[in-house]
Each structure stands twice: as structure tokens, then as C-alpha cells.
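> Chains as they are written, first to last, in our numbering: chain A, 1 to 334; chain B, 1 to 263.
Quick caveat, the hints were computed from the structure, so don't treat them as lab data.
Where is the CB? At the ideal position from N, CA and C, for every residue including glycine.
There could be a bad hint or two in this list.
As the list claims (entries may be wrong) - Derived contacts from chain B toward chain A, CB cut-off under 8 Å, selection only:
#, residue
1, R6
2, K11
3, L101
4, P104
5, P107
6, L108
7, Q182
8, D261
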Amino acid sequence: MTGPDARLALRSCMPTAIEIRGLAKQFRSVRAVDDLTFEVAEGRVTGFLGPNGSGKTTTLRMLLGLVSITKGSATFGGKRYVDLDHPLRHVGAALEATSFHPTRRAEDHLKSVALASRIPLERVDETLDLVGLTEVARRRVGKFSMGMRQRLQLATALLGDPEILILDEPANGLDPQGILWLRTFIRHQASLGHAVLVSSHLLSEMEETVDDVVIISQGKLVLQTTLSDMANQAGTGTGLRIRTPEVDRLTAVLDAVPVAWRQTAVDTLVIDRATPEWFGPFAAQHQIVLYELVNERSSLEDVFLNLTQGFDAANPMESGAGQSAPFRTPGEPS
Amino acid sequence: MIAVIRAEWLKLRTTSIPWVLASIALVLTGLLMLLYFVNKGAGGPDHQGGFGPPDPNVPHTAQQLRDLLGLGVNIYVFALLLGVLIITVEFRHKTVTTAFLVTPRRPLFVAGKLLIAAISGAALALVVLTGTVIGGGIALAAKGGSFGALAAQIGAVLPGMVLVYALFAVVGVGLGSLLTNQVAAIVVSLGWFLIVENIIGGIWTGTARWLPGGAAQAATNLSAGGSRQIGLFSWWQGSLLILLYGLVFAAIGSLVLTRRDIT
């Protein structure tokens, strides 16, 4: 059921909240989403990452029955969104480009949703409190700032106390305090055992929030893994940056050992995949003066950018180890 | 169903739609009454004859009083606009995303709109009729007529007005579900009732009874208490025809909406 991908097998012990199988969307001549397969586990936060226009919103909207599916399936515990009995009690969604009626008060917006979904009206005040909008409950939404709208979206999503949350770019328009608040909020939701699928075009925004990552580019899956796994991979893509007045002597002795290096400035070299533990004694042995010795780790964001930009859309998986290619540096030792 | 009506009414009353439409409809009704009394001042026809009051120019027969009370029927197009706006406002302000998340089965979404349109259309009829009774009553009393005699005719006019308004609000939702662009929907619906239908009816006179406007004329006969225009259906046939128009539009609209991508 989970397919041949080892990463999915690794995660199969966790109950699945959302399953996307071979999902595709054709908008006239544009293939917005193509053969996308991934899943979201309960009690975890899954970051759905990709550049703008990579098909994130289209995927989420197919999942929620707003956009028709060309091929494949997108289900919650085996059920399509339209087939859920009380959708808002299971799935809460805050989507981008959703709007509010400008003359409607925040409270009335939530009340109308609660009434239509048969959710007790007490939840209106509870969720307003939860997102910190109690004081502006009676204000018309037309006067709301972007950040307040985002919070009202979240309140709408939370109204039915759902076990699955889908948030599309929730950090857009939030100030730094707002983003911090969002992070705490999302972690809290996961701690309650809820599944959270949150999309973003910035990994750095989500780095401290997500457990799992699903990366797509041009409508296709690039990578599904855990954040810690990705961080490890990012860590292995290291180089050692060395600043020395004796560049010529250093390069001469380096040529004698099987490492790849490149000169990045007049007095600076980068040795791929070298560790200070190896290089320190090596330099001492050859009595080379060092001014600087820095372990260069590529950040998660670098990895993310590499994955989404260097990704060959025409030839996604066929490139053999296409998924790990960006981590491999040419000429690694032994 | 009660929950859907409560939710939809909350949504409707928190927009300016019902308040603006009701205000304009009341102003227009006032103008129609003004015209009516000006014309009557010149000596209008006396439908039923019989005993006349001291001033024959003041409406006094049952038919005259009903005509006065039923003036609001002539602006049933406001009920149509109400229906159009009730559904297209969701698309105009992109609130339809939330609406479809709440009600993922789109025919049910349209059904909810039909329901609230029928109810609020009926309410609009009551507002207009109330305005007519008050305004017409005052004008009548000022001219020496009897307010009591006017009030006695309310029962005869009320059902027809409520029916026509409710039905046309339903037609409006049907049209709006087909044409979700608010401006386009308003232009098409007004254009049809004010221009196109008159042209078609003028060229092929036989078709008039089958067109929405002709059906509306027939349905308003429930208020008038008789056939004011020949060649039309009876009031209940006309009403059924209007309902049919509304439901057919809504059914096609539901199908179209179901296939539509909300991006």
C-alpha cells in the first residue's frame, strides 16, 4: 500500500491521517500537479514545501474537494473530503486567498460557519480566544490587518475541534511575534495528537515547527523525509573552510592526499568533506600557519533550494539517486 | 434545515444587500404611489361602479384599493436581484471557499441559497406591502378616503405579492448559480426583464405567457383577483412556471458549479 519507497515503509508504524496517491491535476495545458504521492501522520507536523507555483495550493485544494482531481486520490482515513459526514469536525482548513465578507464581524463569520456545521456556538468565543481575537470579535473583518485575517482563518479551521489541520502559507503576513505565536500554536496542536499539514515556500520559516517534510517542485514530489533526516543530510554536505597565508604550500601537501579542494579566495581554500579532527593534526604535521578554520555546514535552506531549483522536472526520478544527489559532493574522500 | 436557514440568514443580514435593496424598493414604491395618486387625480377608471364616495377621484372600490396596495408587485425585479446577489456575493468576495468547505456538496449549497432566497424574498414583499399600506393609507386619508377600507384589502393582495417575490428570488438564485459573476448576472437579469422579454413578446405574441415576465404577470393576478391581461396563464399556472424556471436554472447551475474549480 505504501509503495516501494523505503521512507514510507519507515513511517508505516504511524497512523496515517492524510493519504495522497498518484495525484494529478491538469489545468488546460498546464500539469499543475503530477503523480504526487505522500502521506501525513497523526500527531506530527508535516511541512509541505516548494517554491511559489509548485502546486502546493492546488494539491491542498484537491484534497479539500475545491478543485477537481484529474487522476489519483486524496483522502482522510480512506474518505474523500466530500464524503465526510461533518467535514469541519474532522478537518480544519485555513487556505490562502480565502476571504471574508468585509462588512461581516469576525464573530458573525464564525457563528455562520458554526451554525451551518452544527458546531455549538460556545466554540465561537473559545476559538476567538485561542487565536487572540477576542477583543476585535465585534469588529468588521474589512478593517482587519493581514495578520488578523490569518488568525481568523485559523479560528475558522479550529471551530470544529478537528483532528486534522491543513494550513496553507499561514505565516504569510504575520510579523515576527506572529510567526513565533504560530509556531507554538502548531506545536501545541501536534502535541494534542492532531495531524498538521502546513505549506510554505520558505523552509526556514518552518524549520523549528515541522517533524516531517514533503518537498515538491513543479508539481512533482522531490522528497519526503523527516526533518532530522534532512538535517543530517544537510550536515554531511560539509566542507572545511581554511584561511592561510601559505596557500601554495597547503595545496602542494593536499595534492598528496585523496581529498577534493577548491580555492575560493586568494588566501582561502575549501576542502570537501573534511573534518577539523583530521585537518588540525594534518596542518600541524606540515607546519602550516592557519588564520581560520571553519566547519562549513550547508543550511537546511541551502538543501531546500538545491532540491527545488536543481530539480530536473523533465527527468524527476529517473536520475537514479536523484533525491540524494544534491548532498553528494564531487570527489569525496575514498 | 433550520440550521442552514439560520446560518444563511446570519450571512445575508451581515451584508448590506437586504438593507440596500429594501430601501430602494421602498423609495420606488413611494414614487409609484405618487404617480398613482397623480393619475387618479385626473380621474381614473372606476372598475366596479356602485356607490361612490363624495370625491370620485379618491380610490374607494375594492379593485382600486387592491391596485393601490399591489403597486409593489410591479417591482418584483428587486426580489430577482435579491436572489442573484444572495448567491453571487459569495463569489464576489471569495467567501465561497469557506462555504464549500462547510458544504462540500455543491447542490446542497445551492439548495441552501434557494431556501434563504425564498424566505427573504417573501420578507421583502412584506416590507414593501407594509410601506404601501402606511404610505398609501396616509395619502388616502389626506384625500378624504378610508384607511380602514384600504387595510381591509390587505388579505387579498398579500398572498400574491409574497408568492411572486419569493418565486423571483428563487429564479435569481438559479440565474446566479449559472452566472456567478455578480455584475454579469445583474446585467443579464435586468436586461432580460426590462428589454429582451418585451422585444420577444412583441414579435411572437404567443410566447409571452411562457416567458418569465409573462408568468410573473399571470402570477400577480392572484393579487388583482382576476385576469387583468388576456392570453396569460392563471395565477397558479404562472407561479408554477416561475418556480420551474428557478429550479431548472438552479439544477443546471448546481451541475456547472460541481465541476467548477475553486482556485
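> Output the numbers, in ascending order, of every earlier hint that fails for this structure.
Result: hints 5, 6, 7 break, sorted rising.
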